[in-house]
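Protein sequences, first through last, are from chains U and S. Residue numbers for the first sequence follow the numbering used here, beginning at 1 and rising by one. Residue numbers for the second sequence follow the numbering used here, beginning at 1 and rising by one.
Keep in mind the hints are simulated off the structure, nothing from the lab. Hints are not guaranteed to be accurate.
To be verified - To give an idea of the chain U side of the interface with chain S (calculated C-beta under 10 Å), a few residues: (1) Gly73; (2) Met174; (3) Ala185; (4) Val192; (5) Tyr195; (6) Leu197; (7) Arg203; (8) Glu206; (9) Ala214; (10) Gly216; (11) Gly217; (12) Phe221; (13) Leu244; (14) Ala255; (15) Ala256; (16) Glu282.
We put the beta carbon where it would ideally sit given N, CA and C, even for glycine.
Protein chains: 2
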Amino acid sequence: MVQRLCIIGVGLIGGSLARALKTAGAVGEVIGHGRDTAQLQLALELGVIDRAETDLAAALRGADVVVVAVPVGAMEGVFRAMAPHLGDDTIVTDVGSTKGSVVAAAERAFGAVPPRFVPGHPIAGTERSGVAASFAELYHKRRVILTPLPHTDAAAVATVRGLWQTAGAEVVEMEVQHHDEVLAATSHLPHVLAYTLVDTLARMEEHTEIFRFAAGGFRDFTRIASSDPRMWHDICLANRDAILKVLDRYSADLAAVRSAVEHGDGARLLHTFGRAKKARDEFKQ
Amino acid sequence: MVQRLCIIGVGLIGGSLARALKTAGAVGEVIGHGRDTAQLQLALELGVIDRAETDLAAALRGADVVVVAVPVGAMEGVFRAMAPHLGDDTIVTDVGSTKGSVVAAAERAFGAVPPRFVPGHPIAGTERSGVAASFAELYHKRRVILTPLPHTDAAAVATVRGLWQTAGAEVVEMEVQHHDEVLAATSHLPHVLAYTLVDTLARMEEHTEIFRFAAGGFRDFTRIASSDPRMWHDICLANRDAILKVLDRYSADLAAVRSAVEHGDGARLLHTFGRAKKARDEFKQ
Numbered sequence: 001m002v003q004r005l006c007i008i009g010v011g012l013i014g015g016s017l018a019r020a021l022k023t024a025g026a027v028g029e030v031i032g033h034g035r036d037t038a039q040l041q042l043a044l045e046l047g048v049i050d051r052a053e054t055d056l057a058a059a060l061r062g063a064d065v066v067v068v069a070v071p072v073g074a075m076e077g078v079f080r081a082m083a084p085h086l087g088d089d090t091i092v093t094d095v096g097s098t099k100g101s102v103v104a105a106a107e108r109a110f111g112a113v114p115p116r117f118v119p120g121h122p123i124a125g126t127e128r129s130g131v132a133a134s135f136a137e138l139y140h141k142r143r144v145i146l147t148p149l150p151h152t153d154a155a156a157v158a159t160v161r162g163l164w165q166t167a168g169a170e171v172v173e174m175e176v177q178h179h180d181e182v183l184a185a186t187s188h189l190p191h192v193l194a195y196t197l198v199d200t201l202a203r204m205e206e207h208t209e210i211f212r213f214a215a216g217g218f219r220d221f222t223r224i225a226s227s228d229p230r231m232w233h234d235i236c237l238a239n240r241d242a243i244l245k246v247l248d249r250y251s252a253d254l255a256a257v258r259s260a261v262e263h264g265d266g267a268r269l270l271h272t273f274g275r276a277k278k279a280r281d282e283f284k285q
Numbered sequence: 001m002v003q004r005l006c007i008i009g010v011g012l013i014g015g016s017l018a019r020a021l022k023t024a025g026a027v028g029e030v031i032g033h034g035r036d037t038a039q040l041q042l043a044l045e046l047g048v049i050d051r052a053e054t055d056l057a058a059a060l061r062g063a064d065v066v067v068v069a070v071p072v073g074a075m076e077g078v079f080r081a082m083a084p085h086l087g088d089d090t091i092v093t094d095v096g097s098t099k100g101s102v103v104a105a106a107e108r109a110f111g112a113v114p115p116r117f118v119p120g121h122p123i124a125g126t127e128r129s130g131v132a133a134s135f136a137e138l139y140h141k142r143r144v145i146l147t148p149l150p151h152t153d154a155a156a157v158a159t160v161r162g163l164w165q166t167a168g169a170e171v172v173e174m175e176v177q178h179h180d181e182v183l184a185a186t187s188h189l190p191h192v193l194a195y196t197l198v199d200t201l202a203r204m205e206e207h208t209e210i211f212r213f214a215a216g217g218f219r220d221f222t223r224i225a226s227s228d229p230r231m232w233h234d235i236c237l238a239n240r241d242a243i244l245k246v247l248d249r250y251s252a253d254l255a256a257v258r259s260a261v262e263h264g265d266g267a268r269l270l271h272t273f274g275r276a277k278k279a280r281d282e283f284k285q
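Only chain U is shown next, with the shape it has when bound in the complex:
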């Protein structure tokens, strides 16, 4: 049981965690802090938080756990603002989609990464954003990755792990760099590809017709292109190296498929498509 939980950035991710913990009776008071006072007011009205604080020092006062749920690009600024007001015993965690950049931001902002800072990443979300889209079941059966550093306090990790488990998630630990590589492959690259495809088609002369004759497969394939552009802009800048690495591998493979199409190399196409189908079908199960 966490007596006082402070959520900085009460949107889809922070709001859903607050809802889940309240539903489970696992928190005393939930304090929300954010720049967007309308969102904060809405969070209060929806019962997602118990108290809204626009003053950061007041929001942090007496908090047992602070969850920083702001976009990756805003992390460092928030950490800097938090630094003077953070109690020694306060546990801090974040929900950023990239972990190397967040750890580096914490290092710069706090001088060194505090022992009670537990970098985290819930692998959950929808293409929607904002507290109005939040719901208590968002993390149910989803995975949350924690990337503690060698000197991170084990009790702090256990507390953060417990919060996510209470919200219904399966928690795993991973090294920072490994997290960033895996997520670049399964999440960051697909978003880049989907945004690029929709933009390519939208800029074609026949774009109205193109979208008119798109079917269900296209709808699914491009759903993630409805995600928040600012958030994905942040992620692309924050996880640059890992994204470039997997993107280059993908581009080389795409060039090989292109060449097979051009030269009518049916055997190669069948081999590649068949191997992909097999992998995708196994993933489904």
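Following the hints, put chain S in place on chain U, whose structure we already have.
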């Protein structure tokens, strides 16, 4: 009302059309023909067809309308086999995802494209295949594109149009080449991209972990990579030029996004992602 309908290739597409027309009471007898006798027997047991014929001449005898629902790569062989047995009054249509290649195949097989041959393409389907996956509502509110040639018989077009409308579809007409360009953009390219991505990731060392930490966005994005590899191999070979054209445009755009990621050009990323989100959100409505 069509007295005798012959479906050549009773899988998801042909089977669903047969089911829809039977449900609507719009056909007398449905004859199924195919190479796969197990599928044909199953179609009979499921009531999708009234009679199974493994002999093509027998299947075509007395048919008012023949629907050729075989993979694009098998069209020419089927047309050639049909040619000696086709009645002058028989209307023929197909369901191929590419139209230029099917028209060219008909031209080669029949000497000239018969006036009662109506090239068609229902924009519907799932990643599943086979007659067991067929259902009467597959075409409900879906679009069907017909690409009649200048000399195509207007009454034949009207009959084919009527069949699809009875199945619940909205029917539009388009020129052959234009169809192939639009579909290359909205359907063929996305399949190529999805197959390539899944294959790229499946061949990485950490592939087990990569798929383990994939979330809902990835699941949607790669769903089409579960489609029938043979069918998409056929389509890539059949619609080569249009696919290469839009693939090259996409690759150039992807290279620009890559460059923006590499050089930390946030403004460019935000612009591209924002424009894509806007287009995708409009498409949703």
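Status of the hints after comparison with the structure:
1. Gly73: 8 Å, holds
2. Met174: Status holds, d = 9 Å.
3. Ala185: Since the shortest Cβ distance to chain S is 5 Å, the answer is holds.
4. Val192: 6 Å, holds
5. Tyr195: 4 Å, holds
6. Leu197: With a minimum Cβ separation of about 6 Å from chain S (threshold 10 Å), the hint on leucine 197 of chain U holds.
7. Arg203: 8 Å, holds
8. Glu206: 6 Å, holds
9. Ala214: This hint holds: alanine 214 of chain U lies near chain S, its Cβ roughly 4 Å from the closest one there, short of 10 Å.
10. Gly216: Since the shortest Cβ distance to chain S is 8 Å, the answer is holds.
11. Gly217: Status holds, d = 5 Å.
12. Phe221: 5 Å, holds
13. Leu244: 6 Å, holds
14. Ala255: 8 Å, holds
15. Ala256: 9 Å, holds
16. Glu282: At about 8 Å, which falls below the 10 Å cut-off, the nearest Cβ of chain S leaves the hint on glutamate 282 of chain U intact, so it holds.
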